[in-house]
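Chain residues, written in single-letter form:
2 protein chains.
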Amino acid sequence: MPAGKPRNAFYAQSGGVTAVINASACGVIETCRKHKNRIGKVYAGRHGIVGALTEDLIDTSKESAATIRALRHTPAGAFGSARYKLKKFEDNPAQYERLIEVFKAHDIGYFFYNGGGDSADTCLKVSQLSERLGLPIQAIHVPKTVDNDLPITDTCPGFGSVAKYVAVSIREAGYDVASMAKTSTKVFIMEVMGRHAGWIAAAGGLAAERDGESPHIILFPEIAFDEDAFCARVKNAVEKYGYCAVVVSEGVKNQDGKFLSDAGLRDAFGHAQLGGVAPVIAQLVKAKLNFKYHWAVADYLQRAARHIASKVDVEQAYATGKAAVELALKGHNSVMPTIVRVSDKPYKWKIGIAKLEDVANREKMLPRDFITPDGFHITAKARRYLSPLIRGEDYPPYKDGLPQYVCLKNVAVKKKLDSSFAI
Amino acid sequence: MPAGKPRNAFYAQSGGVTAVINASACGVIETCRKHKNRIGKVYAGRHGIVGALTEDLIDTSKESAATIRALRHTPAGAFGSARYKLKKFEDNPAQYERLIEVFKAHDIGYFFYNGGGDSADTCLKVSQLSERLGLPIQAIHVPKTVDNDLPITDTCPGFGSVAKYVAVSIREAGYDVASMAKTSTKVFIMEVMGRHAGWIAAAGGLAAERDGESPHIILFPEIAFDEDAFCARVKNAVEKYGYCAVVVSEGVKNQDGKFLSDAGLRDAFGHAQLGGVAPVIAQLVKAKLNFKYHWAVADYLQRAARHIASKVDVEQAYATGKAAVELALKGHNSVMPTIVRVSDKPYKWKIGIAKLEDVANREKMLPRDFITPDGFHITAKARRYLSPLIRGEDYPPYKDGLPQYVCLKNVAVKKKLDSSFAI
Numbered sequence: 369m370p371a372g373k374p375r376n377a378f379y380a381q382s383g384g385v386t387a388v389i390n391a392s393a394c395g396v397i398e399t400c401r402k403h404k405n406r407i408g409k410v411y412a413g414r415h416g417i418v419g420a421l422t423e424d425l426i427d428t429s430k431e432s433a434a435t436i437r438a439l440r441h442t443p444a445g446a447f448g449s450a451r452y453k454l455k456k457f458e459d460n461p462a463q464y465e466r467l468i469e470v471f472k473a474h475d476i477g478y479f480f481y482n483g484g485g486d487s488a489d490t491c492l493k494v495s496q497l498s499e500r501l502g503l504p505i506q507a508i509h510v511p512k513t514v515d516n517d518l519p520i521t522d523t524c525p526g527f528g529s530v531a532k533y534v535a536v537s538i539r540e541a542g543y544d545v546a547s548m549a550k551t552s553t554k555v556f557i558m559e560v561m562g563r564h565a566g567w568i569a570a571a572g573g574l575a576a577e578r579d580g581e582s583p584h585i586i587l588f589p590e591i592a593f594d595e596d597a598f599c600a601r602v603k604n605a606v607e608k609y610g611y612c613a614v615v616v617s618e619g620v621k622n623q624d625g626k627f628l629s630d631a632g633l634r635d636a637f638g639h640a641q642l643g644g645v646a647p648v649i650a651q652l653v654k655a656k657l658n659f660k661y662h663w664a665v666a667d668y669l670q671r672a673a674r675h676i677a678s679k680v681d682v683e684q685a686y687a688t689g690k691a692a693v694e695l696a697l698k699g700h701n702s703v704m705p706t707i708v709r710v711s712d713k714p715y716k717w718k719i720g721i722a723k724l725e726d727v728a729n730r731e732k733m734l735p736r737d738f739i740t741p742d743g744f745h746i747t748a749k750a751r752r753y754l755s756p757l758i759r760g761e762d763y764p765p766y767k768d769g770l771p772q773y774v775c776l777k778n779v780a781v782k783k784k785l786d787s788s789f790a791i
Numbered sequence: 369m370p371a372g373k374p375r376n377a378f379y380a381q382s383g384g385v386t387a388v389i390n391a392s393a394c395g396v397i398e399t400c401r402k403h404k405n406r407i408g409k410v411y412a413g414r415h416g417i418v419g420a421l422t423e424d425l426i427d428t429s430k431e432s433a434a435t436i437r438a439l440r441h442t443p444a445g446a447f448g449s450a451r452y453k454l455k456k457f458e459d460n461p462a463q464y465e466r467l468i469e470v471f472k473a474h475d476i477g478y479f480f481y482n483g484g485g486d487s488a489d490t491c492l493k494v495s496q497l498s499e500r501l502g503l504p505i506q507a508i509h510v511p512k513t514v515d516n517d518l519p520i521t522d523t524c525p526g527f528g529s530v531a532k533y534v535a536v537s538i539r540e541a542g543y544d545v546a547s548m549a550k551t552s553t554k555v556f557i558m559e560v561m562g563r564h565a566g567w568i569a570a571a572g573g574l575a576a577e578r579d580g581e582s583p584h585i586i587l588f589p590e591i592a593f594d595e596d597a598f599c600a601r602v603k604n605a606v607e608k609y610g611y612c613a614v615v616v617s618e619g620v621k622n623q624d625g626k627f628l629s630d631a632g633l634r635d636a637f638g639h640a641q642l643g644g645v646a647p648v649i650a651q652l653v654k655a656k657l658n659f660k661y662h663w664a665v666a667d668y669l670q671r672a673a674r675h676i677a678s679k680v681d682v683e684q685a686y687a688t689g690k691a692a693v694e695l696a697l698k699g700h701n702s703v704m705p706t707i708v709r710v711s712d713k714p715y716k717w718k719i720g721i722a723k724l725e726d727v728a729n730r731e732k733m734l735p736r737d738f739i740t741p742d743g744f745h746i747t748a749k750a751r752r753y754l755s756p757l758i759r760g761e762d763y764p765p766y767k768d769g770l771p772q773y774v775c776l777k778n779v780a781v782k783k784k785l786d787s788s789f790a791i
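Going down the list, the protein sequences come from chains A and B. Taking this note's numbering, the leading residue of the first sequence gets 369, the next gets one more, and so forth. Taking this note's numbering, the leading residue of the second sequence gets 369, the next gets one more, and so forth.
Because the hints were derived from the structure by calculation, they are not lab data. There's no promise every hint is true.
The list makes no distinction among identical chains, and a pair is therefore deemed to hold if it is satisfied within one copy or across any two copies.
Claimed, not checked - Simulated crosslink set (DSSO-like; lysine-lysine; CA at most 27 Å straight-line):
#1 K660 x K455
#2 K749 x K767
#3 K603 x K777
#4 K430 x K621
#5 K430 x K660
#6 K679 x K767
#7 K626 x K679
#8 K718 x K698
#9 K621 x K723
#10 K718 x K767
Please put together the full structure from these sequences, using the hints given.
The following block contains the structure:
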């Protein structure tokens, strides 16, 4: 590429959003703005890759420095995200050709894609394709997922803040139930995200620092649900501590591998009621043990809870965004900046680098030795890994009692192509 | 009572706990400790009034000043609360005689009862009875309820913090859904507490400061659920803003006055599934509009969320605890300190006083003119009332990423009575 001719960057958010994905966006945009000799404008995809396919680009240069800075403390996806997985090149070459067409039209030389495993795969494909089609694009993936399931990187930006929310919430709810248990609720069940892996559920375990503290039981998707063992454990906790607090992953399955959340609830017409494993567990506690229960389903609240974000997570989200740009400027392509853990105590980390071909389509599972042998709690090893990730508070500014999150203008870039593209 | 002979105080927590009831306890105990010439020890009831009936008293003098100070930032009931309503005197005089017997044995001269409407009634009865039985006890009620339904007082300690949690959470979830709506979830439903009145649901409305902001719809227990009108409104929001965020009170009823949460869900055995109006609404959105949905049930998380407590609420909780002691020292009996609103802008308040006979068994309902004529949102008048109550943040201290809530030693006072009492 000719030196001295800055080319534009494309940035997009992909998949489920987090409390800190905008901090990564902030890192990308602020760093690009510091290198105007190398990078022209940063165009964001409106609704992620869909914006690229439909040539619906957002001109981030229309946003002030203060607005971009405020992205650091604003949850969710400021440009819109998308659950949209590109087909295989062989199955739908038109999709890829369209992407390249749009990128050519807007002189995109850098492709920063902020997402999880699927988007790492898309990022890899764009990189390979641009090479094949002779368009020099540097494709860098910026890691993001509350599921914490990307390989190589020690953790994924977004996870630490969900982890903190879950640990704080189950601690608080534990205090609540402990006070009420004598004459009222004895069992509290909190459902958390994690359909395939128990990372988020495991984080709840951090709240229990001493014997008897909430949560008393964690139900992981990795451990087939054993009704009798569970009930015995609930009974034991109530007898020993007066109450029982349970964190349950939405992905918990029964012995036949079926999601418990699908197991039995019917609406008035007999249709399966989807979602909500917490009420299923609660019903079981009632039926088998006759304890008064309460249950909560945190759902999006947990991943949007920027008000209680982990400072470490915010810093790592920003740092990976920043590093993505710096890697591109150093000439890297088809890579992802990673978090490398240097030490546990004191917790130290630095930015590393992974090849996208080693990242895409590989899931990092919760190690079995993070779960106690009985399957109901986390081990000291898990605690050592998880604890640093929730450290520090990074409060957003408030006005009149409410957090002041930023709303971008999201001004559209003038289209250059006549053609449209159906999504 | 003979001057110069300090008598002991009894303090107990009653009913559902809150994020700030311990701040009231802190106010009571710290203020008592400042008046050792008038008040001896503060004995707390273990599990509220149950502790008084069973002579299970906690000696709060065993706790350090630092520990008592930490109650101010600790959620839930540090001495245990109870859902235990005393019978009418005529129906169960033995209960009252037992209370007086325990109070006599421990030289209780002050009765501070921290709770909602039911406990105000108990407090009144204790006061009347002690007069009748010739035991000079000053009974002062300390207001507490997330339901905000006590009369006379402008607001109830505990409510402001739930209100803040709900407003912050629905704002954050709104940002989340807005980012995802193009290709994924379009409707988000968050269920909040308030079985009889819509105060908490109304507080969610504070998050929507400008047109189109979350929440777009609030479902109140005061407004019979109109399926068609609701669906039309959801459809409209999705068309206009791309998504729809809904706050629904657990107490929403259908046109026949039946709780929606009871309306139809069955477990595998055909038993009614209790709790959870959010999934019922979600199912409706799916069936009638075919929008992808997510739902959350905040349950205890909302009332335990000390991490996002309202500063105004914490201050009022402490102030009413302090005022209760000061009123007793001034010779008052059968009263409750209240919050008096002096002005909205700037928000100013002071402590007032109400007679318990005017407080007990009277519920303050959400005024109809706090709800918009269409029944789906709050009015400017509601906003003027609610907004000051969520103002300010009062963060607890953190260690290793987790809030440091205090656990008391809760040392039992040596029993003086031979008799036991069955609860």
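Now for the hints, and whether the structure bears them out:
In this assembly of identical chains, the alpha carbons of K660 and K455 lie at most 27 Å apart only when taken from different copies (22 Å versus 49 Å within one copy). Proximity of K749 and K767 under a CA criterion of 27 Å is satisfied inter-copy only: 19 Å between copies versus 41 Å inside one chain copy. Only between protomers do K603 and K777 lie at most 27 Å apart by alpha-carbon distance; the minimum there is 25 Å, versus 55 Å within a single protomer. With identical chains, the CA atoms of K430 and K621 are never at most 27 Å apart, being 48 Å at best within one copy and 48 Å at best between copies.
In this assembly of identical chains, the alpha carbons of K430 and K660 never lie at most 27 Å apart, being 55 Å within a copy and 33 Å across copies at closest. In this homomeric assembly, K679 and K767 come within 27 Å of each other (Cα to Cα) both inside a single copy, at 21 Å, and across copies, at 13 Å. Proximity of K626 and K679 under a CA criterion of 27 Å is satisfied in neither setting, with 37 Å inside one chain copy and 46 Å between copies. With identical chains, the CA atoms of K718 and K698 are at most 27 Å apart within one copy only, with a shortest distance of 17 Å there and 63 Å across copies.
Taking the closest pair of Cα atoms, K621 and K723 never come within 27 Å of each other, the shortest separation being 34 Å inside a single copy and 56 Å across copies. Taking the shortest alpha-carbon separations for K718 and K767, only the inter-copy value of 23 Å comes in at or below 27 Å, while the best intra-copy value is 35 Å.
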